Amino acid sequence: MPWLSENGILVGLALLDGLSYAAAVFMVAVGLNLVFGVLRVLNVAHGSLYAIGGYAAASLGLFAASLGAPPWLGLPILLAASVLVGVVLGPVIERLLLRRMQDREPVLQLLVTFALFMILEDLQKLVWGVQPVVFDAPLKWLGTVDVPFGQDVIPFTAYQLYVLPGVALATLAILAYVLRYTLTGRMVVAVTVDREAARAMGIDAAKVTMLTFTVGAALAALGGALAAPTVSLVPGVGASTIVLSFAVVATAGLGQIEGAALAALLIGLGRSFAVYVAPEFEVVVPYAIMVAVLLFRPQGLFGVAETRRI
Amino acid sequence: MTRRSETLLALAGAVLVVALAYAVPWLRFVLTIALAKGLAVLGILLLLRAGQVSFGHALYLALAAYTVAFGALVLPEALLLVPLAAILAGLLGLLIGLFVVRYREIFFGMLNLALSMVFYSVLEKFYALTHGADGIRLPPVTFLGRPLAGEAGEWTVLGLALVLALACGALVRVALASPLGEALAGIKTRETRLDFMGVSPKRVLLAAYVASAVMAGFAGAIIALTTRHVTPALSYWTTSGELVFIAILGGAGSVIGPFLGAAAYELTRVYAAATFANAWQLVLGLVLLGVIVFAPGGLWGMIASRRRAA
Chain A
1 MPWLSENGIL VGLALLDGLS YAAAVFMVAV GLNLVFGVLR VLNVAHGSLY
51 AIGGYAAASL GLFAASLGAP PWLGLPILLA ASVLVGVVLG PVIERLLLRR
101 MQDREPVLQL LVTFALFMIL EDLQKLVWGV QPVVFDAPLK WLGTVDVPFG
151 QDVIPFTAYQ LYVLPGVALA TLAILAYVLR YTLTGRMVVA VTVDREAARA
201 MGIDAAKVTM LTFTVGAALA ALGGALAAPT VSLVPGVGAS TIVLSFAVVA
251 TAGLGQIEGA ALAALLIGLG RSFAVYVAPE FEVVVPYAIM VAVLLFRPQG
301 LFGVAETRRI
Chain S
311 MTRRSETLLA LAGAVLVVAL AYAVPWLRFV LTIALAKGLA VLGILLLLRA
361 GQVSFGHALY LALAAYTVAF GALVLPEALL LVPLAAILAG LLGLLIGLFV
411 VRYREIFFGM LNLALSMVFY SVLEKFYALT HGADGIRLPP VTFLGRPLAG
461 EAGEWTVLGL ALVLALACGA LVRVALASPL GEALAGIKTR ETRLDFMGVS
511 PKRVLLAAYV ASAVMAGFAG AIIALTTRHV TPALSYWTTS GELVFIAILG
561 GAGSVIGPFL GAAAYELTRV YAAATFANAW QLVLGLVLLG VIVFAPGGLW
611 GMIASRRRAA
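So the sequence lines, in the order shown, correspond to chains A and S. Quick note: the first sequence uses the working numbering, first residue 1, plus one each step. Quick note: the second sequence uses the working numbering, first residue 311, plus one each step.
Bound conformation, chain S alone (with noise of 0.2 Å):
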């Protein structure tokens, strides 16, 4: 698929998302959070890309989401808030980075878990500041100074997932296809001829890493600010196995996959959850094996194949 191509692609699905968020009101909300998420999945497109898999990628979500709640008791400022959330992300995201780049495989992928586990327990035991389980709720935040509130916050939350979806999206674009994403691909089937090469595996991935945990935490913001109540349960190892679900399902063959794996996600969720209120995991559980076993390019890669045969 050219640039070109794609990125026109990506635009339809731009104006896709405003309009159906504005013919279908409750959709705004889904759409956001299937944003947020996609977000967080072209992190985690990054480091599949170097064969890894993170299964603790919820805690940047959970981190920049929980970085909103408390830092707009301060400075009650969206267009402050979020890139503080991300930036906060990367900071954490480059200490974790230094440790676990590391491993590979499931070391990697467990060392990434343990961490977002230790995160989560913090939040529900240090009730007195985090107020445990129950999570907190949103002070009230502006943008540009109005306050954030009622529908036209709801479109601004939505505008705002948009921009940061096209502009991160079109950066790890950049990105894969430069010799950064080549070194990645490079980390999964031979990383000692990288070695060979001068290039450090390690630097590449914690480059990676680092850049996923700033899209995570991208993410997070936007979703503290959508649901307006944050919880532990962002943090949880079943919020990170999620974004690795959405990732397959959507297709890493393409930075729009996890934007339409997301997509896809969200909506089988609430009409999951609404049609069998209490076996909406089944269902979806269904969805993945189904993916996996007979589409195994994800949503994606069943769209890529038609369209190179037509």
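The shape of chain A in the complex, shown without the other chains (with noise of 0.2 Å):
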């Protein structure tokens, strides 16, 4: 192929960024796809949560090198900030705002989470500014690594190749483990697929939502928090990333873990590939993905159609 070998480098390169996309957008759906299956609620704040992790692990590197931390720290720190904002926020959101939403209408409960959108999004703007935070001390750490990619060699920082895909891919291990082979994780699967059978079974199926939230919103806020070094974090970081988790979720069908990740693989290449190639469609390719799958397969890659009730 002469296009391939005269575009070499920019297809590695279009590769590998997709790759270390489409491990911070798994992060992200997945926690969101997670919060579906159990509560029935399409977390709109959920980009909030992405956005507040990101900034808290930034402040939280940004101040650990002021006092003389060294640079290795910076990966614990992005780890324990994204634990932090999820364990503090997630059971608050769920206790005081989400349960008592539990039985009314789908609408109602999206627009709660909205609301929740709206004021999380500025109370952002009121603790960290409107000012671009950059927090790139891991990036810089770990350097860079010469992919050899056909004749060529692409130089790439070390965190995109290992940290961002490693850490996803053990998100994903863990939680189809979790799922598949512990109590609680056949709790939580249990009450995803029929909350009343499961209290009936004797499931507290009110501690399962509450630790599906908590883990959520941790998956989000870690999110956000390994994105921070690549990016510089802006206000409406929130918005756009919800937009594009909503597009991965759907294209995956409604509560799939491991359809969560191809769908983010699949997003992720699609998106870093406009970028080289054609980059007015950037922002365009992950809904055009979507709409795709959504016309052939209406209930999403892995969805499973629900039987028509009478």
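FYI, nobody ran anything at the bench for these hints, they're computed from the structure. The structure displayed is predicted, hence computed values, not measured ones. Check the hints yourself; a few may be wrong.
Okay, the calculated beta carbon distance ranges per label pair [unchecked claim]:
#1 S:L408 - A:L108: 20 to 30 Å
#2 A:P71 - S:F604: 43 to 53 Å
#3 A:A200 - S:L319: 45 to 55 Å
#4 S:E415 - A:R186: 19 to 29 Å
#5 A:R199 - S:Y437: 37 to 47 Å
All residues carry an ideal CB built from backbone N, CA and C; glycine is no exception.
Need the complex rebuilt from these two chains, each delivered in its own frame; the hints are there to steer you.
This is how it looks when you write it as structure tokens:
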């Protein structure tokens, strides 16, 4: 293929970029999907948790650096910040807001999370201002790796090459294991499939819901924290993240964990190829992929069509 | 509420709008925008009756606004531009509607969102034509051959918005009471029964969808004539969210609800933006939460229940 050899480096870069981008998107989308599975609410504020996770990680990292912390501490700080955000905000949002709305119309449940999104967006601006926040210490500390691609060599940051996909793969593996082989995970699955039946079997659905929402919030925050070193954080990052993870979740099929990984990969690669081939369409590609998939599989790639009830 | 008292209330509202716009000149702008948004929300109301939420109606708003902005270069007559914008919005609504009416609930909402995001990025990225995020200023427009500018121009657009609001409100009121309206409500409760009765739910939803696109088109045209500046932000998903917000705020029980909600929304926004420059979104979010938690019927529901009690 003459085109490939001519554009070898471009294709390689697009592939690597797409992988690391897909990893970050997966982290957010899988949390959204998990929460939807158990709560049956599409949490619009999920994108705000992503943004807050990013900001919190950057602030904590910059603070640690100002105290003279060694650069390798950057990575554990990202992790700690996101866990903190998830554990602090998750239970509060679930208990004070979503639990009260449980028996209300789906439209209203959705709007409650929209209201929460509006509130968190402004709180974010009040706390972190509107200037871009940059924390790229972990990226710089890990340096770059020369990736061989055909006859060419592509220098790529080790952070984006190993850390992002690594954490995403680990998350996928842990989630898949927990949901399949542990008691807690099976309780989560049971509540996802049939809340009433699960409660009848003695499962504390309220506890499972709280746990799931906290984990989902922490995953969103982790996605933001991991992405923080590769982007500069600005207001509005939450809004664009949430629509993108919607696209991933819809493409995957609601409630699908492995599907979310594949859809994130599809959309991440599609978007990064668009960046190199036709940058005008960068924002369009994820939705084009989603529309194309839903045209043929209305329930998403891995979704199960609901049987009609008469 | 009887049809007669509702008509009287609508007329009284129209008189009140004119009186307010006369007494407090700066309110003219706010009220015109509120009427325009109320028109778009009227369309959302039709879809809500079927239990479907569109998070993408900003698409039709923006299409119409840009139609006015571009059309004014060739054909600067408001009385032709406004219907043209609404017709184009309706045609696009028909095209997209044929696709989206196959989906329900979250998929319906998200597909609409995705398509409006595609439009948003097209508007933003094709800088040569649309001037990207800067948007374009409206060329001079005439009304019946006379220039639509200054105070007289503002009054004319307000009048146009009022006439459209009353006409569309009456039409929707009639439509909701007709078999079509009953069938829409049927989609929300038990769609399969409609099928058994020989009514095609898809066709019913499509009719409502096209009507809602036309009304969003009217809204977009009025907004363009009022602000005299159109930007891609008109098609961003938060604009669509705003319309759903207003629908819930006003209450879905009557066609007066959308206009009540829009007026309350715009006034809250202006007031909040003036008082808390950096936190108006936060204030709106809190208002929305308050309405959902304490007044699920919206503002109209509060009025209607008081009347019932009296």
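Original post:
What hint numbers does the structure not satisfy?
Top reply: 5
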